[in-house]
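*Asks:* Each chain, written out:
Protein chains: 2
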Amino acid sequence: VNAAEELRISDPTVRRLSGYYRILGELRAGGEETVSSYDLAHRSGATPAQVRKDLSLFGHFGKRGTGYAVAQLETEIRAILGLNRHWRVGVVGAGNLAHALIAYREFAREGFEIVAVFDNDPAKVGQDWNGLRVRSIDELVDAVREERIDIGIITAPAEAATDVAQRLIRAGVRGILNFAPGKLFVPKHVSLRNVNLAIELESLSYALK
Amino acid sequence: VNAAEELRISDPTVRRLSGYYRILGELRAGGEETVSSYDLAHRSGATPAQVRKDLSLFGHFGKRGTGYAVAQLETEIRAILGLNRHWRVGVVGAGNLAHALIAYREFAREGFEIVAVFDNDPAKVGQDWNGLRVRSIDELVDAVREERIDIGIITAPAEAATDVAQRLIRAGVRGILNFAPGKLFVPKHVSLRNVNLAIELESLSYALK
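Residue numbers (my numbering), protein chains in the order written: chain Z, 1 to 209; chain R, 1 to 209.
Take these hints with a grain of salt, some might be off.
The list cannot tell twin chains apart, which means a pair is met if one copy fits it or any two copies do.
Here are the simulated DSSO-like pairs of lysine-lysine, each with C-alpha atoms no more than 27 angstroms apart in a straight line [as the list claims (entries may be wrong)]:
(1) 209 / 124
(2) 188 / 209
(3) 53 / 63
(4) 124 / 53
(5) 188 / 124
(6) 183 / 53
(7) 63 / 209
(8) 53 / 209
(9) 188 / 63
(10) 63 / 124
Worth flagging that the hints you see were computed from the coordinates, not collected in a lab.
Okay, chain Z solo, but in the shape it has when bound (with noise of 0.2 angstroms):
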């Protein structure tokens, strides 16, 4: 894992690897201790060449005949993704998407807990949220701080997503999700992830044609 950890690991990469990881976990729900890499391969829908060399980046060769031992690879592939650990999210913007990150159980399920809410309109700021307070968004730097807020979500408008970065990153977010259409830039210390619904559709749009 040592080793692992100083390598670079690509996106899609990083990407297999949490649908791997979700699938080791349902089959060790499921009492199974071995899986191929064909097994792994037709249900995470990469190929068996692919799932050997994602899982030999870190020093793994599926035994022949036997394969990988399910609990031990899911242990591994947790540690990769930085998912044994506890990780605090804010979200800025109070609308329907920041609700139903609210409400999304696998989050909370790997470790992501979400500690506060944020919004520039008067009408939501003190709203009770399941127990969380919506808070302003002039609160944002020192409630980063006091809350020892990791990373950021952003379900704010467009216009709104470059100046609520710049708030985050002051106040010293490490990571962002980002949600708002167009582009938002960040110095290199911090890590952004953009989540476009839009691209999502317009893969299956290309399937359809």
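For this one, chain Z is given, so just place chain R on it according to the hints.
*Replies:* Coordinates of chain R only, in the frame set by chain Z:
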């Protein structure tokens, strides 16, 4: 374009094409007439070699010194992605995520129109959502046919997703975008994309570790 339509373009390539398509739209809006593979690479996060390889898939080779014609390339990628037509979309599960998707302006701009929302909760059925009446899940099969719905989006909970997918498929939907956790099985003639929001956070936690 005819030759390209016969190619099977991989899903990661389709996603990069979606990215180039957005960048080309911004460049055109900014009055740019040409773009180099270096510039497209810089803006999209791909390498120049990757950009050239992706675009060569459909016979495009940027000219030395001038690059690619922005408007032409945008038009061709729009056609490749199936965005030069209108897609009728139905959302199953009238919760916060559905609300957020209906409000998501990018969808309409790219030709995806949400024409129906369904739920199995009698308290929600009949509600008016921005002019859309929430329909009972029991109306789904008839409504998909009457409304000529091409794509179904599943925002229902995991335990309902399999049943919802079966109803959508029975009704004749050709594409499904699934937000519910867990694996769905669909017949070959139906295209499925799974969106797992936890995977986005996992790729951030990998980077932050």
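*Asks:* What are the numbers of the hints that this structure violates, sorted from low to high?
*Replies:* Per hint list: 1, 4, 5, 7, 9, 10 violated.
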